[in-house]
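Visitor: Two chains, two frames, a set of hints: combine them into the complex.
Residues per chain, in single letters:
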Amino acid sequence: MKPPKRALQFLRWFCREDYLEEIEGDLIEVFDKQSASSPRAARWGFIWSVCKYLRPQFMRAFTFNVHQNARAMFRHNLTITYRNFLKYKSSFFINLIGLSSGLACTMLIYLWVSDELKVDHLHAAGDRLVEVMECQKDNGQIAVQSGTPGILAETMAQELPEIAYATTVSWTDKYTLSIDERNVQGVGVYAGKDYFYIFSFPLLQGDPQKVLTDKKSIVLSDEMAMRLFGTADNVLGKTVTWQHEKLFNVSGVFKKIPAQSTQQFDFLLTTEEMKEAHPWTQQWTNNAPSTFVVLRDGATVEAFSAKITNFVTDHGGEKGTTVFATPYSRLYLHGRFVNGVEAGGRIEYVRMFSIIAFFILLIACINFMNLSTARASRRIKEIGTKKAMGASRRALIIQYLSESMLMAMLSMACAFLLVMLLLPQFNLITGKTLTMPADAATLLSLAGLAVFAGWVAGSYPALYLSGFNPVAILKGQLQGSWSELWIRRGLVVFQFVCSVVLIVSVWVVYEQMQYTQTKNLGYNKDHLLYFEGQGKVIQNLETVIATVKNFPGVTDASSIGHSLMEFGAGSSTSSIQWEGKDPDLVVEMENVRVNYGMTEMLEVQLLAGRHYSPRFGTEDTNIIFNEAAIAAMGMQDPIGKTVTLWGKPRTIVGVVKDFHFRSFHEKVKPLFFNLAPEGTFMVMMKVEAGKEADVIARLEKFHKEYNPGFLLSYRFLDQDYQAQYVAEQRVATLSKYFAGLAILISSLGLLGLAAFTAERRLKEIGIRKIHGATNVSVVFLLMKDFTRMVLVAIVISFPISYVISKQWLDGFAYKISLQWWFFVSAGLAALMVAWFTVTLQTWRTARVSPVRTLRSE
Amino acid sequence: MKTPSLGEFEELVLLMVGALHDEAYGVAVLENLEGHLKKKLNISAVHVALKRMEDKGLVRSRFGGITEDRGGRRKKYYVMTALGKRALDHQYALRNTIYSLIPDISFSK
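In the order they appear, the protein sequences are chains U and Z.
The first sequence begins at 5 in the numbering used here and counts up one residue at a time.
The second sequence begins at 455 in the numbering used here and counts up one residue at a time.
For reference, chain Z alone in the conformation it holds in the complex (with noise of 0.2 Å):
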């Protein structure tokens, strides 16, 4: 089966949601992401990047339970799913590949 592409943002919020492992939900995906890049992303880049794999199949999602906070509404939980794995893997596998390539030479100096 081809695996479905991913977009750097979409990688990035796939390696996230599989780094928070069942606690990944919007504000705290981009909370991470914000930290580790260090720079202000808006949440509808989140939602979008999200629900664009969750049509793919990369992730699952499930409703939590009802807390006061958050005007009552529930959180959005989101898991990565085994091809959402393979993905990830065929890219890092790509990637390392492709790394590998590169000769020493130009930067040894």
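Pulled out of the complex, with its shape left as it was, chain U reads as follows (with noise of 0.2 Å):
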């Protein structure tokens, strides 16, 4: 019978300790004695003798520098793990390069994320800062645009009580400034006269309340103002010419719109100058320009938003129209709306990437449990010991973890001039400028990772090796148990599985971008040069036509009132009626101005009918129309037809097959082509392969000469097409690099682990060689084990990963499907680079002499 350990434990906390041992001697004795009769009594009595003991007279002294040597102690364990780390480089390195790796992976995507978590976060108003946006059925579908009637925010603010600022946003378009010989392109944007009081850019020069009231106003970036004037100070009142037409006066200058905002432009124009440039804004049938409001105190977003739904449709608007707003610092990371209700966006991205970087820290942390528990049994003796000499299990944990921590510092400090090293690169990739803070918060949050990082990896070693038996140890009785055994496969184990979904879903993205590379996209997209008419390009129209496709190289020429990849504002109507048309429904269709030879040179396949073509005289009341349109309005046998288009009937001369003008994230929409050479801005030229370079230097000539003043911008169309997939290209390449890390941080773990059991069979090893064993067949008794989990591993890997990809792809309308063989290559990949990891290492093992491994014992 013992006397209870809590009573006993607590008498030796408070006693004075030259009391001490006659008074627990006494007590035992007392309870000794007792027991024999009443075990159930003496330990109570002995639980309040205890506490009767608890007098000034028996207290010790409580003073607080009970570690005198704390600091011996710390010294002790620093020299320790030094002359751990030289005496097992190898472990040191493996788990210097992983950790940091893992570190600087992190804290890369720490950087992405924060700042993408910063996006459009700018604005003082902030939840009361919403935009409007409109909801309109599309053949049963709800289709969520950003574009509204261009006199909705104006509308808005007079009806509405709740607003206190509204503005309209119009699209952006590139256009010449100059002033006297000095021409300049720049990004201009019209806005209403609040925008200053709504985004909070700031006014370097004028007042916010009045910079946009004069219509003939333009507000200038300072970095404009620049280029215009080379200075950006007392530039108020001068005089600008807008595309060699207009004047206005700068009314004021803000300061260049930082990169945390979505809106970005170089000047703005005021809507009473939209209004005159683009009647058609104003009408509350045609959607173009973005509508923000801020409301006032009190009012809550949702219950504008049920307001506001039938807005309008009560003014005018097309039938079915809705309308309804949201937080404007909301919609860069949730800005996708699928069949009218939010549905992700961007912040699937910045989740997916939170992730894997908390995964590839993971491994790379395990990494580091795992070779410290396998090292164990070198430092069994130390352990020992240390205990048998008194060492406290704290003490221990201690020592342990603080060897861990300074591990994490280490790499804290390699991975912080990795990131250095890295940023650019990064930069480039993403996008984005980012730039390693140095405030105090963002390294004190680096400290912190640093520290969680070291105590995730030091803390089972540290509980694993504190708490073996010291007599075990030093009788040299101590086996490797089989739980522990277990736990460090299935560290491996999961380190594998991780890197396998990785590869899976690299390979994944990859085809994927690759179907959208080479499918056929139903027209060709290569070679298309073009440019923006301006100026007296728009006036003469078909003689620069006719003059570039007198260009050697040039094979022909045409012009298209957008680029078929920018679809932007007003390039959508709902406003064709067709005979049986049921009235309710409204069908959206894509509407694509072209000029004579347009369709051909975009190589697009027709179904049934003919081309527009000046042989056939005026072709203004005739249309064709996409096999999606024709469905979309449930006609057979089209050609010939009559519709009704903006109220005047028009006939159907042809059907082309469904093209991707759009990106494969969206079915193919109804569209039609429209001949209206008036209205087609953009000169498009296909120019043969390989004479790129002689036919822009030709045209920047031409241009020059025949329309001084504008800047000539051109682009190719499969940029635009490109431009399309930038989000998956990004995700592409860094996924690319993450599941490399993800894989050399697993190996680098195999490696350690390889190492070790191979020295841990050294002696085996030898015997059987001795007994005739060859060297091949040592390598693959020493794989026999790894091989096995790495198998394990790809098993478990192969339903995580289809899902992942599964629902990746969801994301696309037209998509590869998923093959057996991504999934059986990726393994095979795995295990490759696990198979050369272990050899590498075993071989070395292998080879050794049994003469050396047996002559000791």
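These aren't lab readings, by the way, just hints derived from the structure by calculation.
On a predicted model such as this, the values are computed, not experimentally measured, just so you know.
The beta-carbon is built from N, C-alpha and C at its ideal position, and this holds for glycine as well.
Fair warning: there could be bad hints in the mix.
To be clear about the criterion: a stretch of chain U counts as covered by chain Z if any three or more of its residues have a C-beta under 8 Å from a C-beta of chain Z, and this derived list gives those stretches [as the list claims (entries may be wrong)]:
#1 21–34
#2 52–62
Derived CB-CB ranges, DEER-like [unchecked claim]:
#3 Z:Asn496 - U:Met77: 40 to 46 Å
#4 U:Trp490 - Z:Glu488: 54 to 60 Å
#5 U:Met77 - Z:Ala473: 47 to 53 Å
#6 U:Lys479 - Z:Ala473: 49 to 55 Å
#7 U:Arg10 - Z:Arg540: 42 to 48 Å
#8 U:Arg10 - Z:Ala536: 49 to 55 Å
#9 U:Ala65 - Z:Arg540: 31 to 37 Å
#10 U:Met77 - Z:Asp476: 42 to 48 Å
#11 U:Arg10 - Z:Glu488: 25 to 31 Å
#12 U:Ala65 - Z:Asp543: 32 to 38 Å
#13 U:Ser396 - Z:Glu488: 38 to 44 Å
#14 U:Ala45 - Z:His490: 21 to 27 Å
#15 Z:Asp543 - U:Met77: 52 to 58 Å
With a cut-off of at most 20 Å between alpha-carbon atoms, the simulated PhoX-like pairs for lysine-lysine come out as follows [stated by the list, open to error]:
#16 Z:Lys493 - U:Lys56
#17 Z:Lys505 - U:Lys56
#18 Z:Lys493 - U:Lys37
#19 Z:Lys494 - U:Lys37
#20 U:Lys652 - U:Lys585
#21 Z:Lys494 - U:Lys56
#22 Z:Lys505 - Z:Lys539
#23 U:Lys37 - Z:Lys492
#24 U:Lys122 - U:Lys260
Guide: Structure representation (structure tokens):
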């Protein structure tokens, strides 16, 4: 029978040392005597007696500098750690490389994520700044768009008391501004007079109340002012020529828009000017500009949103159009809508990369844990001796934790350098301008990250190693337990699961990207060069086209309303009517204004009918649809039938096969080609392969002479096509690196483990070799275990990677189907890497002469 | 020299220390006292008294040898000092003097 442990501990804790032995002895004696008759009473009696000693006479002096030798212990721990690093250099470097690359990757992703989270959060109005968006019923689906009638903001501000400020913000476009002989091209936007109240872009000069009130005002960015005037100071009131056509007075200068804003422009014009230049924006049935509103205090977004549902239809907009409001700062990350309901957006990538960062860090930490526990047998004597000398378990835990913390801090320093080194490249891939912030908060959180990593990586070995029984250790009886082996195996399996999942994901992303690049789009996007007509080019379009056509290296030329990919404002309409149309049905169709010869140049395939041609006289009462449009209208045998567009009858003369004019995320939408040469400002030409540079040089020369004062801005159509997949390309590149990193770290861990196992089995190998085992058979023997682990990992990773890839592919309307060999190849790749790593290590061990390993015992 | 004061329980413990001469340690004192007093005492009370008297110089203490019992803890033996003896004598004399002053009459019936 033993006296209650807790009570005894308590007594030892508070009792004076010089009294303790006597009191403890007497208490135990009394207890022993009493417990012979009544153990229960003895226990309670013991506890009661202990409590009775709790009086000043028996208390020890409580001082708080108990650990006089803490510093000495700390130094001792440091020395031991340092010697361990020196002794086991390979483990040290494996840990250092693994942890620092894991940390570097986490840091990069942290920078990216925190930047993404800040986008469009710059405005003082915060959540009260909302964007009003439109929902349109389109073939039974609800499509959400930011384009609204240009008159919406103004009308809302007049009629709704909840609104503090409202503004229209138009599409962006490149314009030429000039002063005297200096021409500068910049991105311009039309905006309402409250713009600078709604968006907190600081005005360096000018009064936010007045800068956009006068119709002929222009507000420049400081950068634009520099380019125009050579200075950003004292430019107010100066006159700038716009497109060599109109004069505007500089009424203000704002600071260059920061990168963390989705709205990017160089100058602002007034909405009054937009009304004059683009009168169609003032009709309720045309949608182009965005509408932004700041709500008054007390008004909620939900209530406001509910109230304005029918605002556009009530004012004579398209039937079936509803509007709603959503916080502007949310839109950047939650900008995707499926059937009218918010369905993620960039936030998915933010989440995905955060998860990846976490897992990579975890894999790196696992390496550390694995190697430390595996190495435990080497340090068992140290632990046993320490414990026998009276080291408490806590002291050992502290020792091992501080060792791993030190390792983590070292790795953090390396990671920091690595990030500095990689940041420019990372910026290039992500298209951001991230910098390593040096403020206290970031440094503190980095230190926190290091401590966390050190803690995670060190906690298991610390708890595990310190728990050994010293007697067993020193007698040499300690055997690796089964659970320990299983944990180590489990961790390796987990690492490889992560790696395989990443490999499969990279593969799928890559295949899908290949698919978007190589699939027949239904038209030919290659070698199509176009530039935007300005000034004299617009006035003499036909002459320009004819001239360009005669350039050597140009095979064909025509003009089009907009680049096929850049579908922005005013390019769609729902005002098409046909016989037997359900009056409630709204079919939104893309309106592509073309000139003669454009459809042929795009190499769009005709299913029936013909292309536009001057041979048939006036064509402005004719129309060409795509398949999807015909299907949406439910027409059979459409050629020759009549539809009504904008109130006028049109005869269908041609039907083209569906072609992918938008990204593969969406199904091909209904579309018609509308022959309207007067509305086609994009001059497009087909260039022979290899002659691009010549043609561009010639074009520049021609443009300069023919259209002085305007700057030529040309693009290739396939550039626009690629731009649609920028986000995916980024994901593809980044996940490639991450997958590489994950497999690197995992195999580093495997390398360490293989080295350790081989070392432990040196004697066994020696005996086997004496009995005639060959080097190869020894290698096989050592590889068997690892192969099994990797195979298990591969099997586990298949369903996980399947689900993840499927989910990602679901974002595309046109996609590759998942093939079994994606998974198998990824698994094989992982297996190969594992084999390679393990063989590298085991081959060395297998070749050691048995004499050397067996000589000593 | 003024003799230190003695509480009632202290006096009993001191007497017992004297009586057990050289065999007096906590539990022995406790058990003997319990035997004579016919009631349960707590060991802590004995320790309180012993320590207080040691401070006053009435008893001295020394450690005994290590034994297997008592969880390996040594016993602490107490012996009475000359001062202790004097204090007891003084107390005894005082009580006797006052006792002798009690007139016979009251109790003779």
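Visitor: State for each hint whether it applies.
Guide: Hints, one by one, checked against the model:
no.	hint	in the structure
1	21–34	holds (count 11)
2	52–62	holds (count 7)
3	Z:Asn496 - U:Met77: 40 to 46 Å	holds, 41 Å
4	U:Trp490 - Z:Glu488: 54 to 60 Å	holds, 59 Å
5	U:Met77 - Z:Ala473: 47 to 53 Å	holds, 52 Å
6	U:Lys479 - Z:Ala473: 49 to 55 Å	holds, 52 Å
7	U:Arg10 - Z:Arg540: 42 to 48 Å	holds, 44 Å
8	U:Arg10 - Z:Ala536: 49 to 55 Å	violated, 43 Å
9	U:Ala65 - Z:Arg540: 31 to 37 Å	holds, 33 Å
10	U:Met77 - Z:Asp476: 42 to 48 Å	holds, 46 Å
11	U:Arg10 - Z:Glu488: 25 to 31 Å	holds, 27 Å
12	U:Ala65 - Z:Asp543: 32 to 38 Å	holds, 37 Å
13	U:Ser396 - Z:Glu488: 38 to 44 Å	holds, 40 Å
14	U:Ala45 - Z:His490: 21 to 27 Å	holds, 23 Å
15	Z:Asp543 - U:Met77: 52 to 58 Å	holds, 57 Å
16	Z:Lys493 - U:Lys56	holds, 18 Å
17	Z:Lys505 - U:Lys56	holds, 15 Å
18	Z:Lys493 - U:Lys37	holds, 17 Å
19	Z:Lys494 - U:Lys37	holds, 14 Å
20	U:Lys652 - U:Lys585	holds, 16 Å
21	Z:Lys494 - U:Lys56	holds, 15 Å
22	Z:Lys505 - Z:Lys539	holds, 17 Å
23	U:Lys37 - Z:Lys492	holds, 18 Å
24	U:Lys122 - U:Lys260	holds, 17 Å
Checked against the numbered hints given earlier, the structure breaks only hint 8 and satisfies all the rest.
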